[in-house]
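Chains as they are written, first to last, in the numbering used here: chain F, 23 to 239; chain Z, 23 to 239; chain E, 23 to 239; chain Y, 23 to 239.
Hints may contain errors.
Stated by the list, open to error - So the derived list for chain E, only partly shown, Cβ under 10 Å to chain Z, looks like this:
hint: 1; residue: L41
hint: 2; residue: R103
hint: 3; residue: A146
hint: 4; residue: T189
These are computed hints drawn from the structure, not numbers from a lab.
Note that CB positions come from ideal geometry on N, CA and C, so glycine has one too.
4 protein chains.
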Amino acid sequence: MPDGLEVHRMSDRWKTGRLEAFSDGVFAIAITLLVLEISVPESGFENLWKGIGDQWPSYLAYATSFLTIGGMWLAHHGIFRRLASADSMVMRLNILLLMLVSFLPFPTKLVGEAIHKTTSAERAAVIFYGLVLLAISVVTSALWRYVAGHRDLLEPDVTDEEVRALTIMTTPSIGFYVVVVALALIAPQVAAFGYLLIAVVGVFRQRGDRTASPPRA
Amino acid sequence: MPDGLEVHRMSDRWKTGRLEAFSDGVFAIAITLLVLEISVPESGFENLWKGIGDQWPSYLAYATSFLTIGGMWLAHHGIFRRLASADSMVMRLNILLLMLVSFLPFPTKLVGEAIHKTTSAERAAVIFYGLVLLAISVVTSALWRYVAGHRDLLEPDVTDEEVRALTIMTTPSIGFYVVVVALALIAPQVAAFGYLLIAVVGVFRQRGDRTASPPRA
Amino acid sequence: MPDGLEVHRMSDRWKTGRLEAFSDGVFAIAITLLVLEISVPESGFENLWKGIGDQWPSYLAYATSFLTIGGMWLAHHGIFRRLASADSMVMRLNILLLMLVSFLPFPTKLVGEAIHKTTSAERAAVIFYGLVLLAISVVTSALWRYVAGHRDLLEPDVTDEEVRALTIMTTPSIGFYVVVVALALIAPQVAAFGYLLIAVVGVFRQRGDRTASPPRA
Amino acid sequence: MPDGLEVHRMSDRWKTGRLEAFSDGVFAIAITLLVLEISVPESGFENLWKGIGDQWPSYLAYATSFLTIGGMWLAHHGIFRRLASADSMVMRLNILLLMLVSFLPFPTKLVGEAIHKTTSAERAAVIFYGLVLLAISVVTSALWRYVAGHRDLLEPDVTDEEVRALTIMTTPSIGFYVVVVALALIAPQVAAFGYLLIAVVGVFRQRGDRTASPPRA
Numbered sequence: 023m024p025d026g027l028e029v030h031r032m033s034d035r036w037k038t039g040r041l042e043a044f045s046d047g048v049f050a051i052a053i054t055l056l057v058l059e060i061s062v063p064e065s066g067f068e069n070l071w072k073g074i075g076d077q078w079p080s081y082l083a084y085a086t087s088f089l090t091i092g093g094m095w096l097a098h099h100g101i102f103r104r105l106a107s108a109d110s111m112v113m114r115l116n117i118l119l120l121m122l123v124s125f126l127p128f129p130t131k132l133v134g135e136a137i138h139k140t141t142s143a144e145r146a147a148v149i150f151y152g153l154v155l156l157a158i159s160v161v162t163s164a165l166w167r168y169v170a171g172h173r174d175l176l177e178p179d180v181t182d183e184e185v186r187a188l189t190i191m192t193t194p195s196i197g198f199y200v201v202v203v204a205l206a207l208i209a210p211q212v213a214a215f216g217y218l219l220i221a222v223v224g225v226f227r228q229r230g231d232r233t234a235s236p237p238r239a
Numbered sequence: 023m024p025d026g027l028e029v030h031r032m033s034d035r036w037k038t039g040r041l042e043a044f045s046d047g048v049f050a051i052a053i054t055l056l057v058l059e060i061s062v063p064e065s066g067f068e069n070l071w072k073g074i075g076d077q078w079p080s081y082l083a084y085a086t087s088f089l090t091i092g093g094m095w096l097a098h099h100g101i102f103r104r105l106a107s108a109d110s111m112v113m114r115l116n117i118l119l120l121m122l123v124s125f126l127p128f129p130t131k132l133v134g135e136a137i138h139k140t141t142s143a144e145r146a147a148v149i150f151y152g153l154v155l156l157a158i159s160v161v162t163s164a165l166w167r168y169v170a171g172h173r174d175l176l177e178p179d180v181t182d183e184e185v186r187a188l189t190i191m192t193t194p195s196i197g198f199y200v201v202v203v204a205l206a207l208i209a210p211q212v213a214a215f216g217y218l219l220i221a222v223v224g225v226f227r228q229r230g231d232r233t234a235s236p237p238r239a
Numbered sequence: 023m024p025d026g027l028e029v030h031r032m033s034d035r036w037k038t039g040r041l042e043a044f045s046d047g048v049f050a051i052a053i054t055l056l057v058l059e060i061s062v063p064e065s066g067f068e069n070l071w072k073g074i075g076d077q078w079p080s081y082l083a084y085a086t087s088f089l090t091i092g093g094m095w096l097a098h099h100g101i102f103r104r105l106a107s108a109d110s111m112v113m114r115l116n117i118l119l120l121m122l123v124s125f126l127p128f129p130t131k132l133v134g135e136a137i138h139k140t141t142s143a144e145r146a147a148v149i150f151y152g153l154v155l156l157a158i159s160v161v162t163s164a165l166w167r168y169v170a171g172h173r174d175l176l177e178p179d180v181t182d183e184e185v186r187a188l189t190i191m192t193t194p195s196i197g198f199y200v201v202v203v204a205l206a207l208i209a210p211q212v213a214a215f216g217y218l219l220i221a222v223v224g225v226f227r228q229r230g231d232r233t234a235s236p237p238r239a
Numbered sequence: 023m024p025d026g027l028e029v030h031r032m033s034d035r036w037k038t039g040r041l042e043a044f045s046d047g048v049f050a051i052a053i054t055l056l057v058l059e060i061s062v063p064e065s066g067f068e069n070l071w072k073g074i075g076d077q078w079p080s081y082l083a084y085a086t087s088f089l090t091i092g093g094m095w096l097a098h099h100g101i102f103r104r105l106a107s108a109d110s111m112v113m114r115l116n117i118l119l120l121m122l123v124s125f126l127p128f129p130t131k132l133v134g135e136a137i138h139k140t141t142s143a144e145r146a147a148v149i150f151y152g153l154v155l156l157a158i159s160v161v162t163s164a165l166w167r168y169v170a171g172h173r174d175l176l177e178p179d180v181t182d183e184e185v186r187a188l189t190i191m192t193t194p195s196i197g198f199y200v201v202v203v204a205l206a207l208i209a210p211q212v213a214a215f216g217y218l219l220i221a222v223v224g225v226f227r228q229r230g231d232r233t234a235s236p237p238r239a
């Protein structure tokens, strides 16, 4: 093959720009659809303040899912900012992650509905919700670990410090979710607040973008 | 630490570009979802013109929420255009703001439904709606005040004139919402039109982008 | 005021980039939400092919609204590509236009539902739908006419030829909608197909972007 | 006509940037709306684990439609990355493609509902769903074949190798859909898994972006 010919060829890699923009769109839509699952039943209008108050499980589930997706978006953004290009595995893990994030409004709705029902329904809904959160957490961590193990996918100037920081940012919530899902077997309502706590901590744990400014040394 | 090394490091700040794009997505989706809450009940098809007309509270709530979110988007845009970077507090206030804006379709639907019901349901729905609008207004103002108090977050060439103008743009609606929510205790339907008036004024009060053109002097 | 100071000041104009991106988001969401209004009632599952076929008014309304919004998006894009900046009036007309486009899923749903009902319900739904389409058309035309009358808002190199072409692209559908709405008084189902025809013609009438290529002379 | 004048003129072509961004928005929204069709009926809360499990046809339809749209988005992206500009036919085929993709949540919901019903309902829903998937596949292939036959629409450096690779990427699923739709006449549930298989293979078959890096020779 002559030198310099065929400089444009099919590659087994994707540029990350559009993949990230598409992912951002899915995160933004999933986070905004959550509200559609909240409503006051017809009977709630007789005493509407009570009717509004009775929906607290829906508000709890809304806030939890909103903050979970928000924190996941920040983590996703943190990963993709450091990616130079995506290979097939990154692309597939990302589609799996988006499929789970888009699915979250369904268990969110279930939790909101089940807490009005029997304890066994509560338990099933809260565990199911937790398992989806756990799956999201596992796939995010797997995505980062795969990338961290394939440094040629990363921007060349990503430092070991950044790799460690992102590993710490994406990993420990897996353990927390396992603990809280187990807790849901005994006390589902307490576990529901546990998910909210993990989500809040997840947002607070986020660290900023990488900066290119010279060291202050 | 040697000079010139580790120029890329984890920072406690975010670039505003993607944060703003993500926020824009949430605003655009929330504003477009509002219509899903409007429908004519089965019985309304017997005399459909009347059935369409009977939905006026839904149209009022739709227009109010649409213009409120539209005005908030313009204010949000006005703030982020002047931000050089976002720190953790900006990021958290922004997530809280988006969570409230995304929540708005729920009280919007309640107002549309309650005005067909009893006066006490009307009052509760209109006050609840007003409290969410008030909360959005308070968080927007808090976001701007925080940024205005941390001038290192702003683009270096933002003038005192601009800071004052944005303070005026984001603050006074808090007072208006307090007044109209109080009015809702006595006359909920009048208050519902009051929210629309605040939203219309809010859109009309918006001022344009900053220009970089030389002074006409 | 000294020369060269305060080069950044509050302006009464907006850059069009973000306004256009936000508008694109609203168009894309409104066009995609239309499908949510289509469903087969429980009874339709006994003979599902018939149940699917019985929804033809919903498919007609879906295709009409989809193509109408698609054509409007192209026209909107044609206008904003030529805008150098937006003033307050452009911004307000644009918000009004987006409010009407976002509203379209509601009359679309009504048409789909009413064609299963009485002739008077059909007539009301089809006229109401046509009035919303007419309003969208009037606001789009008003937006372009305002801009065409304020040439300082346009990019300096927009030619008279382009201004005329866009006037022709945005204006005549107003007349068509008036005629078809009048027709709906007599024959609502025929009028429903008339809206589809206008939408198809509207998409076909679109002309491309402006090119900056040298004349082929 | 004097040389050098009227360099900006109405063209019969569109730049692809905004067309692609608008299309991405529609793909992202359609993919995220799919979850809204999933819910557990009131009776399912008595034994919620069973209620959640009973929804498996909805999960199957969700995953299938999600992966189908995801794969279509990647194929669409592959086509538009190579387009230098879009003419009227490209624009119309693209609108038709988006109209079909946006429509997909409706047959997806039907499949989820019908598998709880009679075999004849199952068969109708699965075939109808397959026909929409087939139509999406045919329009995507037609779009690429049209572009491949009008090489002046492509970026000048697109190689024959790339054209062949995209033809292979966009074409064969047509045949697979025909086979699986025929299979649905006999065994609708098997066919439903067949669609999932085509979607998974479709995602796995995707190849990366074109690279501009020099050949490794």
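Would the stated hint for R103/E survive a check requiring a Cβ distance to chain Z of less than 10 Å?
-> 18 Å, violated
Would you check whether L41/E satisfies its interface hint, that is, whether its CB is within less than 10 Å of any CB in chain Z?
-> Holds, about 9 Å.
Does the nearest C-beta of chain Z fall within a distance shorter than 10 Å of the C-beta of A146/E?
-> 4 Å, holds
With a cut-off of 10 Å on the beta carbons, see whether T189/E makes it to chain Z.
-> 26 Å, violated
Hints 2 and 4, counting from the list given before, are not met by this structure.
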